[in-house]
Amino acid sequence: MERAQSETIRRHQLCRVGQRLVGKRAIRPRERRLHRRPSAEKRQAGAGPGWHGLSRRDRRPRRIAANQLTAKATQEDKVAGLDAGADDYVTKPFDSFELLARVRAMLRIKELHDQLEEWNRTLTGKVNAQVEEIQRMGRLKRYLSPQIAETILSAEEDLFKTHRREITIVFLDLRGFTAFSDTAEPEEVMDFLRDYHSEMGRLVFKFEGTLERFVGDGIVVIFNDPLPCADHSEKAACMALDMRERVKQLREMWSKRGYNLDLGVGLASGYATLGTIGFEGRMDYSSIGNLPNLAARLCAEAKGGQILTDQKTMSRLETKFSAEAIEELQLKGLARPVVAYNLIGAKS
116 MERAQSETIR RHQLCRVGQR LVGKRAIRPR ERRLHRRPSA EKRQAGAGPG WHGLSRRDRR
176 PRRIAANQLT AKATQEDKVA GLDAGADDYV TKPFDSFELL ARVRAMLRIK ELHDQLEEWN
236 RTLTGKVNAQ VEEIQRMGRL KRYLSPQIAE TILSAEEDLF KTHRREITIV FLDLRGFTAF
296 SDTAEPEEVM DFLRDYHSEM GRLVFKFEGT LERFVGDGIV VIFNDPLPCA DHSEKAACMA
356 LDMRERVKQL REMWSKRGYN LDLGVGLASG YATLGTIGFE GRMDYSSIGN LPNLAARLCA
416 EAKGGQILTD QKTMSRLETK FSAEAIEELQ LKGLARPVVA YNLIGAKS
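Our numbering numbers the first residue of the sequence shown as 116 and each following residue consecutively.
It cannot be assumed that every hint is accurate.
What the hints assert, rightly or not - DSSO-like cross-link-like pairs, simulated, lysine-lysine; straight-line CA separation at most 27 Å: (1) 193 <-> 225; (2) 350 <-> 371; (3) 276 <-> 225; (4) 241 <-> 207; (5) 225 <-> 350; (6) 447 <-> 462; (7) 350 <-> 207; (8) 321 <-> 462; (9) 321 <-> 363; (10) 427 <-> 321; (11) 350 <-> 241; (12) 435 <-> 321; (13) 321 <-> 193; (14) 447 <-> 435; (15) 462 <-> 435; (16) 225 <-> 241; (17) 427 <-> 371; (18) 371 <-> 435; (19) 276 <-> 321; (20) 241 <-> 187; (21) 462 <-> 363.
Everything labelled a hint here was simulated from the structure, so no lab data went into it.
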């Protein structure tokens with residue numbers, strides 16, 4: 116009778132804080148159910164005949180906070196109870212306010228434990244998503260300035276799908292590089308290219324161009340894709356002029372080292388097909404069509420210090436840039452001669 120009354124009192128006290136008292140006969144079936152699904156039930160149990168404290172040899176149902184309420188008050192009993200898996204140990208006679216305070220404390224701990232368990236459960240997915248985002252960011256930064264890359268990522272669109280768009284494309288090549296690479300040591304050539312690409316790359320990002328590729332001393336830059344740019348022809352021309360001026364400065368240093376190098380540029384505006392090419396794990400962004408071929412052929416014809424463009428592109432630039440006409444060029448792969456212009460500079 117005394118035990119039943121005691122349990123009734125404890126049950127009412129625990130109900131005041133939204134908890135339930137579960138007897139020992141109900142524990143085993145509940146633990147079996149816990150193995151199938153997680154539970155947030157609060158278990159409050161006491162030691163009695165046939166119940167050796169609160170045994171928690173099976174550690175799986177950790178989401179239940181367990182308080183051992185018992186008449187056994189020796190130090191050995193307390194240690195044994197806690198070792199068995201109890202989260203707290205309360206001896207009789209107990210103070211009801213202390214018991215409720217201990218229950219609330221265990222609930223706070225349980226809430227933190229549940230939160231940590233949920234974080235651990237979702238950690239792998241979050242890490243994989245973050246790695247994928249970092250890899251995507253890395254791919255974008257191969258072609259774009261960091262600012263443009265961030266803009267594309269925030270747009271959450273696949274802008275590298277195959278599409279057709281009007282662009283301006285710029286091909287750059289160093290005159291005299293083949294002779295230089297034939298006579299210089301490979302390490303010297305690599306050091307030179309590293310410095311040269313760094314200088315040109317800064318100007319690509321300055322004018323918000325898209326770097327399509329480096330090929331030895333060759334550089335290919337696209338404007339108006341993947342992000343639109345209303346004045347893409349003008350930006351491309353400004354970049355080419357700045358690059359020519361920078362190479363003029365570098366040539367003074369190169370000549371002291373015995374390098375006889377200069378920059379030739381081909382620039383053209385028009386429509387092309389753009390997208391990624393390659394295979395899984397190694398994709399590159401590229402442009403396909405007559406326009407890239409035209410810019411590449413103009414670059415091949417350009418002498419050191421020249422920026423060659425075609426008549427159509429020059430019609431877009433003539434109000435802001437001065438140029439000199441040169442003879443018609445019969446470019447390889449093109450059926451008709453091309454009227455070409457050498458870009459001199461921006462009009463004041």
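Right, here's what the structure says about each hint:
1. 193 <-> 225: 21 Å, holds
2. 350 <-> 371: 32 Å, violated
3. 276 <-> 225: 49 Å, violated
4. 241 <-> 207: 47 Å, violated
5. 225 <-> 350: 61 Å, violated
6. 447 <-> 462: 32 Å, violated
7. 350 <-> 207: 84 Å, violated
8. 321 <-> 462: This hinted pair holds, its Cα atoms lying about 21 Å apart.
9. 321 <-> 363: 19 Å, holds
10. 427 <-> 321: 25 Å, holds
11. 350 <-> 241: 40 Å, violated
12. 435 <-> 321: 20 Å, holds
13. 321 <-> 193: 71 Å, violated
14. 447 <-> 435: 30 Å, violated
15. 462 <-> 435: Roughly 5 Å between the alpha carbons, so the hint for residue 462 and residue 435 holds.
16. 225 <-> 241: The hint holds at about 23 Å.
17. 427 <-> 371: With a Cα-Cα distance of about 40 Å, the restraint between residue 427 and residue 371 is violated, given a limit of 27 Å.
18. 371 <-> 435: Roughly 36 Å separates the two Cα atoms, so the pair is violated.
19. 276 <-> 321: 25 Å, holds
20. 241 <-> 187: Violated: residue 241 and residue 187 sit about 47 Å apart, past 27 Å.
21. 462 <-> 363: Answer holds: residue 462 to residue 363 is near 20 Å, not above 27 Å.
Of the numbered hints given earlier, the model fails hints 2, 3, 4, 5, 6, 7, 11, 13, 14, 17, 18 and 20; all others are met.
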